[in-house]
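A.B. asks: For this one, chain W is given, so just place chain F on it according to the hints.
Just so you know, the protein sequences line up as chains W and F, in that order. Numbering of the first sequence is given in this note's numbering, commencing with residue 1 and proceeding in unit increments. Numbering of the second sequence is given in this note's numbering, commencing with residue 1 and proceeding in unit increments.
In case anyone wonders, no lab produced these hints; they're calculated from the structure. Model, not experiment: these values are computed from the prediction. Think of the CB as a built atom: it goes at the ideal place given N, C-alpha and C, for glycine as much as any other residue. Accuracy of the hints is not assured; some may be wrong.
To be verified - Computed footprint of chain F on chain W, listed as stretches where at least three residues anywhere in the stretch have a Cβ under 8 Å from a Cβ of chain F:
(1) 17-28
(2) 114-123
(3) 130-143
What the hints assert, rightly or not - Straight-line distance between alpha carbons at most 30 Å, and here's what the computed DSS-like set of lysine-lysine pairs gives:
(4) 13(F) x 13(W)
(5) 73(W) x 30(W)
(6) 190(F) x 204(F)
(7) 30(W) x 19(W)
(8) 214(F) x 204(F)
(9) 73(F) x 19(F)
(10) 73(W) x 19(W)
(11) 19(W) x 72(W)
(12) 73(F) x 33(F)
(13) 73(W) x 13(W)
(14) 36(W) x 13(F)
(15) 36(W) x 73(F)
(16) 19(W) x 13(F)
(17) 19(F) x 13(W)
(18) 19(F) x 36(W)
(19) 204(W) x 13(W)
(20) 72(W) x 204(W)
(21) 72(W) x 30(W)
As the list claims (entries may be wrong) - Output of the computed footprint for chain W on chain F, the stretches with three or more beta carbons under 8 Å from beta carbons of chain W:
(22) 3-15
(23) 26-32
(24) 46-54
(25) 125-131
(26) 182-192
Given next are the chains, with one letter for each unit.
Number of protein chains: 2
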Amino acid sequence: MDDYLNLLPYWDKLNENEKALTAENHTIRKFTKGSKIFGSESCLGMIYVLSGNIRVYILSEEGREITLFRFKKGDSCVLSSSCAINQINFDTYMEAETDCELLVVNSSTFKFLTDNNIYVRCYMYESLSERFSSVMWTMQQILFLRMDQRLATFLVSEYERTGRDEINMTHEQIAVYINSAREVVARMMKRFSTDGLVELKRGKVIISDVEGLKNLIREV
Amino acid sequence: MDDYLNLLPYWDKLNENEKALTAENHTIRKFTKGSKIFGSESCLGMIYVLSGNIRVYILSEEGREITLFRFKKGDSCVLSSSCAINQINFDTYMEAETDCELLVVNSSTFKFLTDNNIYVRCYMYESLSERFSSVMWTMQQILFLRMDQRLATFLVSEYERTGRDEINMTHEQIAVYINSAREVVARMMKRFSTDGLVELKRGKVIISDVEGLKNLIREV
Chain W
1 MDDYLNLLPY WDKLNENEKA LTAENHTIRK FTKGSKIFGS ESCLGMIYVL SGNIRVYILS
61 EEGREITLFR FKKGDSCVLS SSCAINQINF DTYMEAETDC ELLVVNSSTF KFLTDNNIYV
121 RCYMYESLSE RFSSVMWTMQ QILFLRMDQR LATFLVSEYE RTGRDEINMT HEQIAVYINS
181 AREVVARMMK RFSTDGLVEL KRGKVIISDV EGLKNLIREV
Chain F
1 MDDYLNLLPY WDKLNENEKA LTAENHTIRK FTKGSKIFGS ESCLGMIYVL SGNIRVYILS
61 EEGREITLFR FKKGDSCVLS SSCAINQINF DTYMEAETDC ELLVVNSSTF KFLTDNNIYV
121 RCYMYESLSE RFSSVMWTMQ QILFLRMDQR LATFLVSEYE RTGRDEINMT HEQIAVYINS
181 AREVVARMMK RFSTDGLVEL KRGKVIISDV EGLKNLIREV
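Here chain W stands alone, though its shape is the one from the complex (with noise of 0.2 Å):
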């Protein structure tokens, strides 16, 4: 049996039975960087990500992307298999941020061992209540915060997981976590710069103030 099934968060309260129907119907999926792991036409399964990091989005009314959450290395996630679930009826879509390697295990053994082991039912919906989390919190950014708002939450929150003040990001990288447009951010940040918040270099972002930032986020 493949050392990488024991990662699996249920493994362990698999009995042998439905530790070899796993065994036998999962695959390893490589997806290069950019390309569409999963759509609403498709069901793939249960993922476990080996390696790489993984972006799962909405479409807009023109076909724009709303991102949802992201997910990595160490993570699961069980939207994928959503045809399985009779509890989900909304459709997601999935891309590869890099590339990437995972544990799939098929739809149907993933409804099968939901169906028949307590844990691993419970393991489902847990994971699907952290997604719900991660979602109320896109949902209240893009509905009640203001872009810059967004923007400045952003710069705020990279700063504190980094420790650093340097954000080497693009502008168009930064769209794309605040759900915004490239020219939007590029406008936003030459504001911020003028009022002194930020710095900007080629490439990457320097916050000058970081309580100006906060301040910011929190006006009404």
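C.D. replies: Below, chain F alone, put in the same frame as chain W:
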């Protein structure tokens, strides 16, 4: 032991101790129409609705409300116990849309049950997953509202232009006409079809209810 306790979705899965604990730590709460049941500052507990309708919403800092979903007699909700759920880190608010009578299991008791009983835990996450779907539907409604009206407008204008109820175009061709993506048109068409507005055939659309489409366009 009170008769209504066996209405709890997980009652049959509790052992005698857990049943006794629940019997000791629940209340029946009455709320009048329009009153606030629950806000971010409190954590009421797990709710089962004995009578009435409840609306769940989020609030922007300026006080703007977005309704996420509603629930009614016979439904239960665990978001009102979110302080006891690690995966949920967003605030929701609940309001009685009619006079309500609620069976409430207090949060610490509910947390004890979900921590110790895999079936209650699974019920909790399953319930959240269903809410996730409702919220995604709401989110897409908000983001895509113009879209369904544009699609309806296109269908009605084709109907009036040609005088025929059959439109010989693929979803992709229609998407080009209304500045959208094929996937978005496909999703809307599926909804229109479910609502009895159109009938979908390979490579064409048959309009079943022109007045229904016109009403949709006029909706605000």
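A.B. asks: Can you confirm whether chain W covers the segment 125-131 of chain F, using C-beta to C-beta distances below 8 Å and requiring at least three such residues?
C.D. replies: holds (count 6)
A.B. asks: Do at least three Cβ atoms from the segment 114-123 of chain W come closer than 8 Å to Cβ atoms of chain F?
C.D. replies: holds (count 4)
A.B. asks: With the threshold set at 30 Å, check whether the alpha-carbon distance from residue 72(W) to residue 30(W) stays at or below it.
C.D. replies: 14 Å, holds
A.B. asks: Take the C-alpha atoms of residue 19(W) and residue 13(F), compute the straight-line distance between them, and say whether it is at most 30 Å.
C.D. replies: Between residue 19(W) and residue 13(F) the Cα gap is close to 27 Å, so the pair holds against 30 Å.
A.B. asks: Between residue 19(F) and residue 36(W), does the CA-CA distance stay at or below 30 Å?
C.D. replies: 49 Å, violated
A.B. asks: Sort out whether residue 204(W) lies within 30 Å of residue 72(W), counting only the CA atoms.
C.D. replies: 23 Å, holds
A.B. asks: Given the hinted pair residue 30(W) and residue 19(W), is their alpha-carbon gap at most 30 Å?
C.D. replies: Between residue 30(W) and residue 19(W) the Cα gap is close to 23 Å, so the pair holds against 30 Å.
A.B. asks: Just to be careful, I want the Cα atoms of residue 73(W) and residue 30(W) compared with a cutoff of 30 Å; is the pair within it?
C.D. replies: Given pair residue 73(W), residue 30(W) holds - Cα atoms ~13 Å apart, limit 30 Å.
A.B. asks: Within a Cα-Cα threshold of 30 Å, do residue 36(W) and residue 13(F) meet the stated pairing?
C.D. replies: Judged against 30 Å, a Cα distance of about 42 Å means the pair is violated.
A.B. asks: What's the verdict on residue 73(W) and residue 13(W), does the C-alpha distance respect the 30 Å limit or exceed it?
C.D. replies: With Cα atoms ~22 Å apart, residue 73(W) and residue 13(W) stay inside 30 Å; holds.
A.B. asks: Straight-line Cα separation of residue 214(F) and residue 204(F) no greater than 30 Å?
C.D. replies: Measuring from Cα to Cα gives roughly 20 Å; hence the hint holds.
A.B. asks: If you count the residues of the segment 182-192 of chain F with a beta-carbon closer than 8 Å to a beta-carbon of chain W, do you get 3 or more?
C.D. replies: n = 4 at 8 Å, threshold three: holds.
Going down the numbered hints, you'll see the structure goes against 1, 14, 15, 18, 19, 22, 23 and 24, while the others check out.
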